[in-house]
Amino acid sequence: MQARQRDSLLVASLKDSLGGAVITFALACVMVGLKVDVASGRGAELFLEHRWFAVAVAVVTVFAGRFLMNMFFWKRDDAPSIGLSGFLPKGGLGNGTTSVLKYAMVALAVVLPFALMFWLGARGSRQYIDLAILVLTYVMLGWGLNIVVGLAGLLDLGYVAFYAVGAYSYALLAHYFGFSFWLCLPLAGILAAFWGIILGFPVLRLRGDYLAIVTLAFGEIIRVVLLNWYEFTGGPDGLSGIPRPSFFGLEFTRGEGGFADFFGLKFSSIHRIIFLYYLIFAMALFTNFVTMRLRRMPIGRAWEALREDEIACRALGINTTTTKLTAFALGAMFAGFAGSFFATRQGFISPESFTFLESAIILAIVVLGGLGSQIGVVIAAIVMIGGFEFFREFEEYRMLVFGMIMVVIMVWKPRGLISSRTPSVALSKNAKGISADLVQEGHG
Amino acid sequence: MDYFLQQLINGVTLGSIYGLIAIGYTMVYGIIGMINFAHGDIFMVGSFIALVIIVALGITAATPVLLLILALALVLVVAMALTAVWGWTVERIAYRPLRGSFRLAPLITAIGASIALQNFVQVSQGAKNKPLQPLISGGFQLTDGGADGSGFVVNLSYVQILIVVTTVILMLGFTYLINNTSLGRSQRACEQDRKMAALLGVNVDRTISLTFVMGASLAAVAGLMFLLYYGVVDFYIGFLAGVKAFTAAVLGGIGSLPGAMLGGLLIGLIETFWSGYFSVEYKDVAAFSILAIVLIFMPEGLLGQPEVEKV
Amino acid sequence: MSTWDTNPVLKVEHLTMRFGGLTAINDLSFNVGRGDITALIGPNGAGKTTVFNCITGFYKPTEGRLVMNRSIGEKHLLERMADFKITADAKVARTFQNIRLFGGMTILENLMVAQHNPLMVASNWTIGGLLGLGGYKKSNVDAIETAKYWLERIDLIDRADAPAADLSYGDQRRLEIARAMCTGPELLCLDEPAAGLNPKESLELNNLLQYIRKEHDTSVLLIEHDMSVVMEISDHVVVLDYGVKISDGTPEFVKNDPHVIAAYLGVEDDEVELVEEEVGL
Chain W
1 MQARQRDSLL VASLKDSLGG AVITFALACV MVGLKVDVAS GRGAELFLEH RWFAVAVAVV
61 TVFAGRFLMN MFFWKRDDAP SIGLSGFLPK GGLGNGTTSV LKYAMVALAV VLPFALMFWL
121 GARGSRQYID LAILVLTYVM LGWGLNIVVG LAGLLDLGYV AFYAVGAYSY ALLAHYFGFS
181 FWLCLPLAGI LAAFWGIILG FPVLRLRGDY LAIVTLAFGE IIRVVLLNWY EFTGGPDGLS
241 GIPRPSFFGL EFTRGEGGFA DFFGLKFSSI HRIIFLYYLI FAMALFTNFV TMRLRRMPIG
301 RAWEALREDE IACRALGINT TTTKLTAFAL GAMFAGFAGS FFATRQGFIS PESFTFLESA
361 IILAIVVLGG LGSQIGVVIA AIVMIGGFEF FREFEEYRML VFGMIMVVIM VWKPRGLISS
421 RTPSVALSKN AKGISADLVQ EGHG
Chain L
1 MDYFLQQLIN GVTLGSIYGL IAIGYTMVYG IIGMINFAHG DIFMVGSFIA LVIIVALGIT
61 AATPVLLLIL ALALVLVVAM ALTAVWGWTV ERIAYRPLRG SFRLAPLITA IGASIALQNF
121 VQVSQGAKNK PLQPLISGGF QLTDGGADGS GFVVNLSYVQ ILIVVTTVIL MLGFTYLINN
181 TSLGRSQRAC EQDRKMAALL GVNVDRTISL TFVMGASLAA VAGLMFLLYY GVVDFYIGFL
241 AGVKAFTAAV LGGIGSLPGA MLGGLLIGLI ETFWSGYFSV EYKDVAAFSI LAIVLIFMPE
301 GLLGQPEVEK V
Chain X
1 MSTWDTNPVL KVEHLTMRFG GLTAINDLSF NVGRGDITAL IGPNGAGKTT VFNCITGFYK
61 PTEGRLVMNR SIGEKHLLER MADFKITADA KVARTFQNIR LFGGMTILEN LMVAQHNPLM
121 VASNWTIGGL LGLGGYKKSN VDAIETAKYW LERIDLIDRA DAPAADLSYG DQRRLEIARA
181 MCTGPELLCL DEPAAGLNPK ESLELNNLLQ YIRKEHDTSV LLIEHDMSVV MEISDHVVVL
241 DYGVKISDGT PEFVKNDPHV IAAYLGVEDD EVELVEEEVG L
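Protein chains in written order, with the UniProt record's numbering: chain W, 1 to 444; chain L, 1 to 311; chain X, 1 to 281.
To be clear, the hints were calculated from the coordinates, so they are not data collected in a lab.
Treat the hints loosely; a few may be bogus.
Cross-link-like lysine-lysine pairs, in silico, DSS-like; alpha carbons within 27 Å at most [as the list claims (entries may be wrong)]: (1) W:432 / X:11; (2) W:432 / X:200; (3) X:255 / W:429; (4) X:148 / X:137; (5) W:35 / L:128; (6) W:429 / X:11; (7) X:75 / W:429.
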């Protein structure tokens, strides 16, 4: 009995690693080992390319990797900690750390463009400021979606639809009526919020995954309509020549009356980039400010209560429909703002920018950051978007890595990077954060 | 009328493919209550595996009929087996560690797995469309278009017959499997109450793994059928097919096997008729609108059970 | 005439609730007296919680009328109102058999959420509050004071900033009652408030209910299994069995009603005396 109770460490490890190797071979033999390619010029015939070396590398790597892990971590009784979590830092950030982090981040964001200019010069810093603008756009979108998913607990997979509504609103209003950016910005937000209410009204009684899938469907419907309504939206060609924003009426153009001329600076295209940077920074901060303020108000508390227990909310006299709708509309509004920023920054938009993948990325930023956590969204956006751009050289591999990283982070920290909730109101000065294990994720 | 008949035939064929994919969604949703977002991409992987094997075996339209049938059967079996491994792996890596955790986490890993699979295939097989010369050509001509040739010629191709027949056989087989075997019993037990099933000695992990394996192998069948029917695949076919198959599963009533099949047929028919009579551009809008309408007005679907709100 | 007939806060008239073919409540009529503690008792599956769900709007009754008479003279027909309106306008609050607190929010936040409607008005439906207009700030402070008042009543003032899910079972029960009271109800419906409580917690609960009745013009309707609780604190008892009312009156009256004894002991009416002799009543 005792003897055959357990295989020895070595045998057990070998067995397990062999299993892993066999699975890897099954996965890779066809999909990696053979590549179907289209022969050009031979009547589009298909032919095979063999890559057995790659399969061998994969199989051996898995075998050796699993064997070593088994020998030294997984199957040892005295192993300090097992699995992935053993290699990664533990625990979330404490409340004190996050508040310091918060101010540090804001300060860093304020000086960033000038610091970059100082170090790298106008030419060299441009791509980094562009990247920072992109990250900030996602931060703003993440904060907007955080209202819907993080606070109200409504799973929205079609968030990009409102981003699209904002972008197209600006582009079309500018195109047909010649409205300026500063007039269109609020209009785009209002229109997006309006669409949020229209789409939200019928679907908000759905719960959980069903809500997710309907919002996904709405997002796709809007995209397909944008794609096919050629006369109005330009279809797949998109809309170009979208006017750039002005600085209190000053255009960022060369020569007389431009921004550079007015301030007596030498004209440089970096001026507009920096202006766009501070514009999105201000818009993102505004989103955060409104959200944080709302969280301390009855509507914000009702959102969170809704996430915790919808039935109890109804028993307390809260109109859950309007409460959900306000969350939906507000989230949509911020997406609309971000959308019109996107349009004015790019100068060109097409339905291609508003695919399901965008929604998925924004949702991933919110969930990876830690539902309801504003600072978590920032960290996740920097990691995901920044990291994504950083690996630009690996062009075709980076989406693959992106997908795998989503899986890995989620498995490592299912509750996201920052997983503690700050009470919206407290009697004592030093109220502690609430562990995410107690916080519900919402059902609607 | 003839045009209608042709659309009907095309719709049933397309519906069979959707139905096969929808079963994977419905079984997984039934047992662990999550939308397996990566399932559409498993279908895509399945069709790629089938394509590679077809090319590797050198099957062409010139292959003698008997040999062709044998070879396709072999392709089917190997593709089912290998795709099943993919389904199993995705469950093992992306879903199992999160079982019983936060509900949104597996949704995000599913989306991550979907992105990873799509791009893996893009990297390993290239981004170009892969056109396959038709292997099975010909069929029955049901109407001759009238004596003056003004009518519409209705074709029922051999491929269409093959697809529908294979689907029916597999459906019957799987229904038997679920209703009459111990595997099916454990599966239904896990659907009802996973904890209790575990307490009664059902190996829950294994049952769930097998559910993914079954779903993936059916998706592989759908992948092969898709390849034979359309003759072209690319790494992006999984998303749309996946969303439509999910629509089918919801329309039929999620968790119900016959419901998935019925939903698949309906979605296939709606899509073909919409394209045939209205506009091809908006056929996806039609499918998505149906999804939204069904979920809003009858979330339990056609054959599903209504969910009662517990207070 | 007893108070519940002369001055009822809630009149349940011919209430019937069917689920498909199953009749959960059949033609039930009773009154809840103003200022009374009324108990709704009955064996498991008698339909007590269904009655609650009808009163609080979670179910729409198949037939019947539910009339709420507010102290300011308004009449509300509850069967026609949406569930949240019943709490907001008709001033009926409830607790749940399986406690439904907002576990991830603090105890104080739970009580603040309960004051949602007046605070929404005070904040001009968020807009005024967002812009920092007066009014809201004061109402917010008042709401915190109300919450503190109830926290003192249920002895949880020291734990105000702790998450509700961290509380013990008995504390959670009392917090749920306090939360319901923060909506300012005229009728408080409690679904098995004493279930799972130990004797000490039971006693605290009794005191809390007596206090609510005495100090707050709130009538109480409760479902209870524990007979000792029911007999001790209630003024009026309604007994249900299989969705039908089998007895209605003072605790003294109900205690000696042979129908009740039969229902609880599971015997036919004519066997009651036999059983009573056996158990020595």
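Point to revise | Violated hints - listed by number, lowest first | key: Numbers 1, 2, 3, 6, 7, in rising order.
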